[in-house]
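**Q** Sequence:
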Amino acid sequence: MSPDTTLQALVERYLDERHRLGFSARTQAYALRSFARHVHAIGHVGPITIEVMADWARSDSHASRDPRTWARRLKLLRSFMRWLLPLEPGCEVPDDAIFGRLPERLAPHIYGEQEIIDLLAAARELGPASGLRGIIYETLFGLLASTGMRISEALALTNADVDLKQGMLTIRLAKFGKSRQVPLHSSTVEALRIYRGRRDLAGISAQDEAPFFVGTRGQRRGMPLGERQVHRVFIELRERLGWRNRGAHHAPRIHDLRHTFVVRRIVLWQAQGVDVDQAMLSLSTYVGHAMVTNTYWYLQAVPELMAVAAQRFESCMPELNHG
598 MSPDTTLQAL
608 VERYLDERHR
618 LGFSARTQAY
628 ALRSFARHVH
638 AIGHVGPITI
648 EVMADWARSD
658 SHASRDPRTW
668 ARRLKLLRSF
678 MRWLLPLEPG
688 CEVPDDAIFG
698 RLPERLAPHI
708 YGEQEIIDLL
718 AAARELGPAS
728 GLRGIIYETL
738 FGLLASTGMR
748 ISEALALTNA
758 DVDLKQGMLT
768 IRLAKFGKSR
778 QVPLHSSTVE
788 ALRIYRGRRD
798 LAGISAQDEA
808 PFFVGTRGQR
818 RGMPLGERQV
828 HRVFIELRER
838 LGWRNRGAHH
848 APRIHDLRHT
858 FVVRRIVLWQ
868 AQGVDVDQAM
878 LSLSTYVGHA
888 MVTNTYWYLQ
898 AVPELMAVAA
908 QRFESCMPEL
918 NHG
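Just so we're on the same page, our numbering is the position in the sequence shown counted from 1, plus 597.
The set of hints was computed from the structure by calculation and includes no laboratory data. The beta-carbon is built from N, C-alpha and C at its ideal position, and this holds for glycine as well. Some hints could be false.
SDA-like mimics (lysine to any residue), calculated; alpha carbons at most 20 Å apart, straight line [what the hints assert, rightly or not]:
| hint | residue 1 | residue 2 |
| --- | --- | --- |
| 1 | 762 | 728 |
| 2 | 762 | 729 |
| 3 | 762 | 795 |
Pair ranges (Cβ atoms, derived) [claimed, not checked]:
| hint | residue 1 | residue 2 | range |
| --- | --- | --- | --- |
| 4 | 613 | 876 | 20 to 30 Å |
| 5 | 780 | 642 | 49 to 59 Å |
| 6 | 676 | 765 | 11 to 21 Å |
| 7 | 726 | 675 | 44 to 54 Å |
| 8 | 685 | 791 | 26 to 36 Å |
| 9 | 682 | 637 | 32 to 42 Å |
| 10 | 613 | 718 | 38 to 48 Å |
| 11 | 842 | 694 | 26 to 36 Å |
| 12 | 870 | 837 | 35 to 45 Å |
| 13 | 724 | 825 | 38 to 48 Å |
| 14 | 843 | 782 | 37 to 47 Å |
| 15 | 680 | 825 | 17 to 27 Å |
| 16 | 848 | 718 | 42 to 52 Å |
| 17 | 829 | 630 | 13 to 23 Å |
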């Protein structure tokens with residue numbers, strides 16, 4: 598690296614450029630800042646090599662021994678290293694040859710109805726009993742399960758974005774810089790109304806620009822609820838509930854609530870006799886997928902939907918259906 602330019606500064610410059618182009622990359626930002634700290638901690642000087650990046654990839658917080666985990670971490674560095682190469686010609690760009698090629702996407706954990714009920718009940722019991730913490734997390738996890746929103750989208754909501762009269766959420770500049778509106782079921786609207794009422798009675802700001810989901814402790818009181826904090830609480834509840842992992846990731850995740858929403862909707866449509874192909878575009882729009890092919894992925898990757906995929910194939914190839 599140039600003696601007068603730190604890797605941390607270059608990372609922030611890259612992230613700023615991406616943000617101005619409309620990209621939202623929280624996971625990559627976290628990874629790049631972690632990598633910059635790693636490079637600084639080991640005292641590395643000179644061009645960044647594959648060995649330095651591979652060493653960082655192996656040192657994930659879960660102490661994983663799975664090369665696929667290392668490959669996923671390394672992949673988060675790739676676009677940054679391509680961007681950096683013209684500025685620092687001696688740097689290297691990682692490819693799939695280091696830890697092997699990643700599968701396209703890993704199968705998610707699809708929550709059963711009872712698992713979601715248990716999650717919300719456990720969140721409700723979070724103390725202190727007289728505070729807001731329990732209802733905040735119960736409402737947040739319930740909203741994710743009932744809408745399929747991304748956690749980042751839910752935490753970015755302001756009071757103005759939550760229209761309880763119309764039963765509508767406005768998601769502003771989400772992933773890929775897109776905005777959309779999300780209609781809500783009446784039961785979800787009622788849960789949000791109860792939460793907002795208790796929050797307002799506790800003296801939390803009800804101004805339009807104030808965050809809808811808020812922290813409650815110390816200096817974080819009334820401030821936007823942090824994603825890392827939410828993940829820590831979720832992990833605590835997950836361990837308490839002792840779920841059996843049915844996905845290909847290391848454990849059930851918050852993001853699997855989104856996957857579960859999509860899968861349950863398609864299964865319901867199938868049971869109701871809805872033409873899944875006709876409805877796929879509306880579902881893709883509702884959950885904010887960049888391409889409808891991202892929604893169709895579930896048909897081939899999730900066991901619960903393999904029967905739907907098989908029926909679609911047979912309808913296209915009637916000569917194979919011997920009924």
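**Q** Could you run down the list of hints and mark each one as holding or not?
**A** Hint check:
| no. | hint | verdict |
| --- | --- | --- |
| 1 | 762 / 728 | 26 Å, violated |
| 2 | 762 / 729 | 23 Å, violated |
| 3 | 762 / 795 | 18 Å, holds |
| 4 | 613 / 876: 20 to 30 Å | 39 Å, violated |
| 5 | 780 / 642: 49 to 59 Å | 55 Å, holds |
| 6 | 676 / 765: 11 to 21 Å | 35 Å, violated |
| 7 | 726 / 675: 44 to 54 Å | 48 Å, holds |
| 8 | 685 / 791: 26 to 36 Å | 54 Å, violated |
| 9 | 682 / 637: 32 to 42 Å | 20 Å, violated |
| 10 | 613 / 718: 38 to 48 Å | 42 Å, holds |
| 11 | 842 / 694: 26 to 36 Å | 30 Å, holds |
| 12 | 870 / 837: 35 to 45 Å | 40 Å, holds |
| 13 | 724 / 825: 38 to 48 Å | 20 Å, violated |
| 14 | 843 / 782: 37 to 47 Å | 26 Å, violated |
| 15 | 680 / 825: 17 to 27 Å | 26 Å, holds |
| 16 | 848 / 718: 42 to 52 Å | 20 Å, violated |
| 17 | 829 / 630: 13 to 23 Å | 18 Å, holds |
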